[in-house]
Amino acid sequence: MSTLFLRNPRLTLLTIGLIVVAGLSSYIILPRMEDPLLTERAAFILTALPGADAEQVESLVTEPIEDELREIAEIKELRSSSRSSLSTITVELHDDVYADAAPNVWSRIRDKIADAESSLPQDASKPRFERIEVTAYTRLIGLVWDGPTSPADSEVSSAQSMQPILRRQAEVLRELLLAVPGTKDVDIFGDPDEEILVEILPDRLAALGLSTLDVSRLIQASDARFSAGQLRGTENDLLIEVSGELDSLERVASIPIQTSSDGQVVSLGDIATVTRGIAEPPSELAIVDGKPGIVLACLIRPNQRIDWWNVQSEKVTEDFSAKLSRGIRLIEVFSQDGYVSERLISLLNNLLIGAGSVMLVILWMMGWRSALIVGAALPLSAFMVFTGMRMMEIPIHQMSVTGLIIALGLLIDNAIVVVDEVNQKMRAGATALEAVGKTVRLLAVPLFGSTFTTALAFAPIAVMPGPAGEFVGSIAVNVIVAIFSSLLIALTIVPALTGFLGGVSTSAGSAVGVSHSGSVAVEPQRIWYRDGWGNEWLLKWYRGLLKTITAKPWIGILLGIALPVAGFVQARLLPEQFFPPADRDQIAVEVQLSPQSSLKETLLQTGRIREELLQVDGVTDVTWWLGRSAPPFYYNQIASRRGMSQYAQALVKLDSGEDLPERINSMQRQLDLRFPGGRLLVRQLEQGPPFEAPIEVQVFGPDLEQLRLISDKINGVLASIPEVTHVRAEMSEPQPRLRLTLDEEETRLAGMTHQSVAAQMFGAVEGAVGGMIMEGTEELPVRVRVAGTRRETVDQIESLNVLSDAASASILPGDRGYSGIPLSALGAVELMPEQATIIRENRRRMTEVQAFLKAGVLPSPVQAEFQQRFADSGIVLPPGYVLKFGGESAQRNDAVGNLMASVGVLAMMMVAALVLSFRSFRLAAMIGLVAFLSVGLGLGALWAFGYPFGFMAIIGTMGLVGVAINDSIVVLAAIQEDEAAANGDANAICEVVVRASRHVIATSLTTIAGFLPLILAGGGFWPPMAVTIAGGVGGATVLALILVPACYLIVMKRSFHCPVPLMLPTSPLQTAE
Amino acid sequence: MAERLFDGSYLAKQCVAKNRFGLMKSILILISAVALFGVTGKLLVSPKGQDGAADSPVVDALPVQTIELKPVSSIVKERQFTGTLVAARRSRLAFERSARLVKVLVDDGAEVTEGQILAEIDRRQLKAKIADLQARIRQQGAILKELVAGPRAETIATARANLAASTADLELSKATLNRVQDLQRRGATSAQNLDEVRLAWHAAVATRDSVAMQLEELEAGTRKEQIDAQKAVVSGLEAQLGQLQIDDADSELKAPFAGTIVQRSADEGDMLSAQQPVFTLLESNHMEARIGVPSSLAGSLDRDGYYILSANGEEVTGRIRSVLSEVNPATRTQLVILEIDSGQASQLQSGQLADGQLVRMKFDEVLQIQGYRVPVSALASGARGLWTVYVVEAAGPDSDHKVVTSRAVEVLHTDGSGAIIRGAVYSGEHLVSDGVHRVVPGQVVIDAGTADVEAMNVGDADLTDENADESPDVDTPDSFTAEKG
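Residue numbers (our numbering), protein chains in the order written: chain A, 1 to 1073; chain B, 1 to 485.
For reference, chain B alone in the conformation it holds in the complex:
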């Protein structure tokens, strides 16, 4: 039966012996068998394959993505400010006198040329006034002519005849007087008679003088002053007429310059008061942009310089005409006025640029900064609010290992995806560019971004390239001027 179990085995033979020696031996064998069992069990069943290749720290080093530091000397910051587009001329056209509007020839939005008649007001009253005035001028002119022409010959002849008659009367009175005096002396007459006759003589003398004066006056003609006055009357009237004629002409509203009617505020039949605007006319081929720029930047703008403006998706250039030296208290900006070049007349005329439209001025502010540009993802926060970056460098002077060391830096400027840093970093060093949250200073790493690219397969190159495409420094190469060396 023994053979059934341990067929012919050495063990069986040993065990069959019942002496103590055999027993001890079998105990030893039992123990060693158990030990053997344990060892083989361990070898056979070992569930974990921990005894793999010896893990050297380099093999296990974490790959990191790096960039090479290159200094930059200046950066460009894009600034945008908003203002309004304003027509250079904007007129509110009105009639000068109050009258009824009779004719409106153009409507809102009409393009008008210079001198085009836009509207008319009622001029009948004006016409009547003119007629009246013209009559009066004629009347006074006649008077003037009359004055200038002087007394008629018949009047002088009459006066002369009157003089002759008066002279004759005088002589008669004198003769009478002489006679009466004689008589007096003769006493032939009464004293009273004498007085009567003497007074009659005096009267005759006066009459004759008067008539003689009249004749003399008539013979001298009209007075100059009188003519002057009459002339003044006439020219006064003529001036009034001229005024009315201007008014008449002003009854037609004409466009002072080429432009667009933006508002029509009265219609036919409206009774306009004096200076009440009828149209608003905008000059359409001359515009200016009025843009508020913070004073800190306004100073750096180039007077007379050209800037790009965008309005309604259109880009036009504008030249700075002036920068007002006054800060608007409401917006804390200084007003910059830019003339839109008339060279862009096509846009102006097509109406794409309109008065009151918002316009943005874009310009690049160049800041002088000495530093290095890094992606924001390369920044780790450091002690006390400082920043640190991680530089990958050789672990020792002749070590193949690369380790991460931390450097304190200061962020000078950022644009959201990239930052300009300054501090304990040097040109040409390799900086961990992304994934700084997973490395710690002193950690052994593999520089996946540069040195080990060839160690990886082809796809890696794609990856790093694509990543580079997204990294902002390549994306906007022109915004950063690299300084070699």
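If we strip away everything but chain A, and leave its shape as in the complex, we get:
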């Protein structure tokens, strides 16, 4: 069985063929994306309660829904924001709800919301449930009007008037894109609501005794769209239809509004102008290339290859673009494909470079023959990983490729051990068959053991719940798949290949370690490319060192722990950074003007900001989304804001992703100077789970006024920190509101009520919708409202007329009185501060102060600074008020908590594996010590290279533990195997260690070589992890070679003189040499 592959070369060849074909075919069809898909764990519930203030919304709408949702156990966080007329509840599910369970939970939540509906007030709208997509759009395509503009209009407004044309075109393009195979959805951004606008002169309407509501009802009534039954004749059945559905503006204009007894008819056109256009003001806009445009955002299905899809969709857009009439231009705003291929190509390059360096190291250490065989194991393992990815439905994205890169350095180890062992046996005179058979039998269990412990070390990452786990989990999955594949290959194909090749091997010892009994025997001239590099002097020196250590073990211990301890000491100085920023050539700019700013004002300001940005060196394009968040163009962006006229977000394209922090800071500074009226945030895209602001200080407490005061104080403290660019506290933001105070007696005497006044005002100002016009497949609502110029100022509002409820009935045509009641006769308009938004988290009222930082500044020191300053300021929270931190630190705690959740069990499993294989607690404890010290080494390396301690470093550390102990296990096993050494003979130990050194150093060097490209590639994401593992493994070599023998001498002293049972068959990693 163990020599099956050697005995049957065809099988070997076919197996290799199978692995290659399966791997290649998987590689070809595996979906490609930039980042892993995250489960949708968040959703909005939006409910409107017109006219209610924040507190009413809180108690009437938010609370009942929250109460219902409380029963769902899977909800991690319920955050609600109740502002006037609108309740927004954000539901976040627990991290351990996975993609397959989420739909079920969401449907239960929907049920609960439906249950809550019955307890909402009658005026409340139906709660709208909306899942928050956490996927970045694949392509953003803009359509802009580029054609002639009439000289009378400004460019912007005339382009805006072309919006309906653009919108229809966008609809066409949307259909085309949806037809591209693999398209999941195409959303349209910045499309205006087209509508038929009936602008009424209010006085004339009042003179007729009608309100806008009446008119809209009349329009609705003349819109015949119903069947009038069927003619059932003897021969034919025919449908009867009342003709006269609304089909044109003329038809609308000719609707009779009032008839007089003498046959005179007032038609709608007489008292109003009927136009077709866009809803004014639009709720959102997209500004592409400086002009109002429409953006189509494409989302592809997760199982698609983005590059293939992109080719097809680009063909569609090119064809469409060619057919576009002059004046409409199609602009590619964003395409993920470039980033994906760039990212994947650079990672795959890293993989190749890594593989190359690993091969070089092996060549240098072990000679070309071994390099060839070990090198063959690399692609084979990689192909098996691709096959595994396909079976586990892991797409090719930066995380899974990184998993491969990490595995590079590890998956060689098994092959090295096997090749060495086979060679050694064959040099000892065994036939290939014997050598291979023995080796496989001998090594199967120990190799499995070490692979298993490494896998255990990576397992917490693989099973980590939550978005962070989904994000990085595939790294660990791939590593685990890779090392098990390498184990499989190492035990089957590699020994077979070695056997085939081994026949031509020279009889010379292939490695220094081969020479037994420590004698530096005169051997045939070493040829480095055949036998690996060796150095006599170095060997002598090394032997001397080992002698000293075995003689005086404490020196070895001191030497061994010096570096790790230094690492632990320095680790205190490590700044913390949860996830590093992404080095994309894109940044996001957010603008928040004063809360009462209109979209017009926002349009004006963003236009200026765009001009300003375009003058900055390196800015190539600015695309704005007004009134809402930009469509997510990066995986962790969340489009959480909409319907906020004072808000805008821009996608700013730069020429490169270099020097981002400096450039962002200077842009931030410049924009702050030039636009002091708004809060402008220039933000770098960041990795990791999304958060609104890097620092979020939350205070929980019952009283709104008190919360506001506290939030003001916190605001002040945060704003005083120099690294903070902007602070935001929604609770403190003023929202002035006009209030019409009616004199109730006057109102009642005039035959009106508050409600009827409000309804009429609403109809006049906002309009009432009645009826629809069909234009092709487009359905346009007909909105009736007061002409725009009559509702722009407070004075004009006060001059509006309302109709007494009784008047409309009593007025006869031809009556000469004017029955409209001026609003100013009933009351007056005053400016009132609006009750701030009420935010609740998990049913507790809270206020949140967000702080935004300069680019390149880590949140954790600033947060510490805040805590310091907050304590110094002497602000004492009243009893019952609790301060918490959100933002990056909360996300970090969540992620680390998730990561550590399974660490305990897995660590116990590792301990068990070690103890059982060594049959000794002491030896297992030694390995534990090494594992612990290697963490210090990893941290020290992090410090030495100046990277912050973050999530990726933690992941690196976990992996490091699994890899670092392998060396020590090898050394320890070798010592135990040698009877003399096992009994504490210093010389024997020395020799055993020397023999193991080449192997240990070789595996360490290959690991480091594997990580080298990741370190050299730079950026903020990979290096912390790579540096941790590479540095830690490097240091762990020292631990294995110096600390372990020294420790062994001290720890095992008591057992030295009793005979030690030989552990040959079971000892793990029994000597490789």
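Any given hint could be a false lead.
Facing chain B, a subset of chain A residues (Cβ under 8 Å, in silico) [as the list claims (entries may be wrong)]:
#1 Glu590
#2 Ser594
#3 Val619
#4 Asp621
#5 Arg679
#6 Val727
#7 Thr793
#8 Gly820
#9 Ser824
#10 Leu826
#11 Gly827
#12 Leu831
In short, the hints are calculated from the structure, not lab data.
Don't be surprised by glycine CBs; every beta carbon is placed ideally from N, CA and C.
Given the coordinates of chain A, assemble chain B onto it according to the supplied hints.
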């Protein structure tokens, strides 16, 4: 071989020595090498450029846009009220009697001049009546004349002759009687004969008296009363005739004043009842506007004052004729009647102003308010429903830093984009005018709106100017009267 690795280096020489001293040394060297490696690594690879220029709080201060506070003493509020335009005279023209309409000379919308004949009704019956009456007048006049003229001479002569005859008869009877009496006395006759003769004499006397009276009557002429009565009869008839003649004249409907026919309600051949309107005529060069104004404002209107009215896009001036001292219960307003100046006759005549048309009266209400005008964007909500504004001032008596301090204010009035505030603010102070949502009290800021303008490049000036253009206080400068000092 050693030289291959550490060619001639000091380290190599040291390391070759195998004694313990050398070993210790090499350990030290190893440690220091690692330390060196770490330090250089830190220097070389340091990914973040945090060691930039020392960030002083002033450099990092947030720029804010400010305005200088200037007091205002009054504000002007534009008010608009709607009413209807009414013609000063509006007549519904009708015939006074019921008759058949025979002629209609004008139609709806016709402009007519004063006295123009508009319609006629059937007058044949009237004419007949007049003829009849005229005949009767002639008849009665004749009678009157006859009465006035008295008995004819022949009748008197006859009467006189009759008298003479009666007198003769009397004398005969008397003579007879005398004779018979003689006879009687003589007895020559019977008593009966005597009685007969005596009675005959009495009869003759009566006859003669009667005839004499007749003659006397005839000679006296007709009685005055009789003439008076007859005169009355005649003049009565003449009056009837006059009435009919007026009716005749009224058979033609004439325009009482210049104006426009707005409605024609009968056509030729219609049988009109009395007073049934045939036309509605509007006076077109005199109009008045009737506008409902809330009582609170009606009092402040200037009686006899001139106000601007707009109707159908036309602006005209109107003078207040009266303000009715009655609140309309339905509209809660008082009726203000304004006369449209006849000076705007051109608009009136061109028909741009029409009866029943809606008209808006615009006037500026001046409110006396002592306060400061600020844009609404400068207001932040304060504690307990109050407002606060943020003032930028020096951090200390001799500090260069500027900080934001909050001041509680009260909003007295607003027009949507601007507000008049009062409170703990003083003239000349610099107020954060926009973006109050991004500053907090105590924050160090740069006053971008005023002091630091020159520190920024040229484009900034444009920006602030443009912003100022949009800010309402510059936009409508005339609506706020600034009070200096």
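Verification of the hints:
{"no.": "1", "hint": "Glu590", "verdict": "violated (12 Å)"}
{"no.": "2", "hint": "Ser594", "verdict": "holds (4 Å)"}
{"no.": "3", "hint": "Val619", "verdict": "violated (16 Å)"}
{"no.": "4", "hint": "Asp621", "verdict": "violated (21 Å)"}
{"no.": "5", "hint": "Arg679", "verdict": "holds (4 Å)"}
{"no.": "6", "hint": "Val727", "verdict": "holds (7 Å)"}
{"no.": "7", "hint": "Thr793", "verdict": "holds (5 Å)"}
{"no.": "8", "hint": "Gly820", "verdict": "holds (6 Å)"}
{"no.": "9", "hint": "Ser824", "verdict": "holds (6 Å)"}
{"no.": "10", "hint": "Leu826", "verdict": "holds (7 Å)"}
{"no.": "11", "hint": "Gly827", "verdict": "violated (10 Å)"}
{"no.": "12", "hint": "Leu831", "verdict": "holds (4 Å)"}
When each numbered hint is compared with the structure, violations occur for hints 1, 3, 4 and 11.
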